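Sequence lines, in order, name chains P and X. One gets our numbering by counting positions in the first sequence from 1 and adding 577 to each. One gets our numbering by counting positions in the second sequence from 1 and adding 1 to each.
Because the hints were derived from the structure by calculation, they are not lab data. The model shown is predicted, which means the values in this text are computed figures rather than measured ones. For each residue, glycine too, the CB sits at the ideal point set by N, CA and C.
Far from chain P by the CB rule (all over 12 Å, computed), these chain X residues:
| hint | residue |
| --- | --- |
| 1 | Pro9 |
| 2 | Asn19 |
| 3 | Gly60 |
| 4 | Leu76 |
| 5 | Ala82 |
Dumping the calculated EDC-like pairs for lysine to aspartate or glutamate here, alpha-carbon to alpha-carbon at most 20 Å:
| hint | chain 1 | residue 1 | chain 2 | residue 2 |
| --- | --- | --- | --- | --- |
| 6 | X | Lys27 | X | Glu54 |
| 7 | P | Lys634 | P | Asp606 |
| 8 | X | Lys57 | P | Glu677 |
| 9 | X | Lys27 | X | Glu6 |
| 10 | X | Lys70 | X | Glu6 |
| 11 | X | Lys104 | X | Asp8 |
| 12 | X | Lys99 | P | Glu631 |
| 13 | X | Lys71 | X | Glu56 |
| 14 | X | Lys99 | P | Glu630 |
| 15 | X | Lys71 | X | Glu54 |
| 16 | X | Lys70 | X | Glu54 |
| 17 | X | Lys27 | X | Asp8 |
| 18 | X | Lys104 | P | Asp617 |
| 19 | X | Lys71 | X | Asp8 |
| 20 | X | Lys99 | P | Asp606 |
| 21 | X | Lys71 | X | Glu6 |
| 22 | P | Lys634 | P | Glu677 |
| 23 | X | Lys70 | X | Glu56 |
| 24 | X | Lys104 | X | Glu6 |
| 25 | X | Lys99 | P | Glu677 |
| 26 | X | Lys104 | P | Glu677 |
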Amino acid sequence: DSGVTQTPKHLITATGQRVTLRCSPRSGDLSVYWYQQSLDQGLQFLIQYYNGEERAKGNILERFSAQQFPDLHSELNLSSLELGDSALYFCASSVGKVSEQYFGPGTRLTVT
Amino acid sequence: SQQGEEDPQALSIQEGENATMNCSYKTSINNLQWYRQNSGRGLVHLILIRSNEREKHSGRLRVTLDTSKKSSSLLITASRAADTASYFCATDAEANSKLTFGKGITLSVRP
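Throw the hints in and build the complete structure from the sequences for me.
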């Protein structure tokens, strides 16, 4: 158990819908990262927050957004969902801005 | 394109043998990390090696880093069936300080 929690574990929704994925980092970790993993694209970095501020941005679509709250938990919002958004979404956390990351169990999103 | 590229893409060995996995990258890095992922689960951090280090050990794991060749290797000694997983290298490029993962190596250890 990494200490990072993610909810929900599974999510099935229809195209065009909007969903919110939630992540609670390990106690004491200030950085939160979001990743998307699919068979064709592999593990793609989406975005990183550090102590509430956006720190780095990766291949995140404009339809996706994220935020980190004062209690350091983070949410990833995915809107206007398409079939191609079906993937595993991982959250990870770390103590500092760049250090070893601890991954949550992931949310499996299926868009039908 | 991926910063880290692992090689081989898949590796199958017998229990007890050593497994060597390689990673090459393109730009200068601050550090390089190796992670393991069991099917459908979250990644688990294995080891971090800094750019000024050449070799690091952790249990049955040995990681080397050659910054002149922009490459790293992960050696798992005396492999076990439980080592069956995907292994990823991840690099933290100096320019942007974000972690970029390779596509991973699928290791199968036959009992």
